[in-house]
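> Protein sequence lines, in the order shown, are assigned to chains E and Y. Every letter in the first sequence is one number past the one before it in my numbering, and letter 141, counting from 1, is 141. Every letter in the second sequence is one number past the one before it in my numbering, and letter 197, counting from 1, is 197.
In short, the hints are calculated from the structure, not lab data. All values derive from a computational prediction rather than experimental measurement. Cβ coordinates follow ideal geometry from the N, Cα and C atoms, glycine included. Incorrect hints may have been included.
[Stated by the list, open to error] One-sided excerpt, in silico: chain E residues whose CB lies under 7 angstroms from chain Y:
#1 I71
#2 G81
#3 I95
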Amino acid sequence: MAIIFKNFRSKLINSVPIIFLYFLSITEIDTQFSNYFQILSFNLQFIIIYYWVLRDPSVLGNGHVFFAGIINDVIMGLPMGTSPLTYLVVSFMGIYIRNVTVKMTLFTDWFTFILAIFFANLIYLILISNFSNVAITYLDLFYNSLFTFLFYPLFWVIFNSYRALLGVRIHD
Amino acid sequence: MSASRDDFGIVIRSALLQRGARQKFSLFFLICLSGLIFFLDSFPSKVMDKARSVLNDGIYVTSSVATSPIRGFSYLKEKTKLHFFTYSENKILKEELKKFKEQDFKSEYLSTENKNLKKAIESSQTAIENNTQDNISAKVLLDKESPFLKSIIVSKGSRAGIKKGMPVINEGYLIGKVVEVNYLSSRILLLGDLNSKIPIIIEKFGIHAILSGFGEKRPRLEYLPEGFELSEATTVFTSGKDGIFPPGIPVGKTIIDKGLIEVDLFADPDQLSFVNVILTESSIKEQF
């Protein structure tokens, strides 16, 4: 009984990032605060995917990243396949950086995250401007990318504390 | 040099094709699948439209259920706020009322303007009343905002007779148009969206213009006649020039901000719970 409970608890705790990612995609929880500060918006999904792929890929499968993207496209009214592609690009960058980096610190994570945001948003821009009629403001996209980058350390600390709480060694 | 190029290739290949403990699909497979879905969705086909419609309905309903606790919490928060601020609001309103009473109502300009506006409102109300039997009420399921897109999802779709391009009103005021129709739900593009362009008329002067969204709360007036000077607080209505929207639906009042003519909408797009879709005959097949 105790083993079953322990397994269930560990599975539930490990699933929190996936649940959070799906929850962000499926609900009305917004990470844009234009009502308070006009240019403030950021992409929390990018941060979650990048952090967990980089730090603990066993927690966040690529299939979940793909499905979260599909859900996000439906909810946001974007052409289907746009968000999965951008999310998978972030995931790819995370895996690539993990493979080539020996010791990971906040600063290596943070500055390589620029590349992930850049390539993901480049793909997004190319797809939206060439293959759909949806108009977007480049400046808004820029601010969104900027704030996504700026907020990364904050979530890095939160996610690291979460992992530390779980008893996972941070520099494993 | 060639060794480092080989290493780079190995890392890229490994990142794309590697499958770990929880990685049931390789990244390469999923990227290809996403690309395929995107291209299938970009080129309209009946199969893809149906698949998307079913998927949309399913996800909207799930999302609506998942969001209901958050909505409940927001409702409670709003109610509590309202309760605590009623007293101070009443005080402010009394002061405002006093100010309004002090204004000179006998001014000829104001009385003429008032007369014109009344006439316009009467005509718009008649237009709306004429369409009453063609209105259907729909509940707002989702109003997730994106920094780029301003739209809402409502609980009625093609089953209720909704078609693309139909105008949507809230308490008699225009809020947007239908851009996506599923069997049980529809997406409404709000006036503030970057993709929104509505022909309007400035009733007082009989001037036509286009109301364009810029991704902000207040849309702007474009294509006004050269040299035309518009005063603030002038009401704008739909002109019906596109043959889709009925004429005379009130939209909002003009505001001049930094030289730009913006329209302060009568219906607050952030406070929508129920909307009415006007079932016009002349809906469009593809506009979005």
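> State for each hint whether it applies.
Hints, verified against the model:
no. : hint : in the structure
1   : I71  : holds, 6 angstroms
2   : G81  : holds, 3 angstroms
3   : I95  : holds, 4 angstroms
Of the numbered hints listed earlier, not one is contradicted by the structure.
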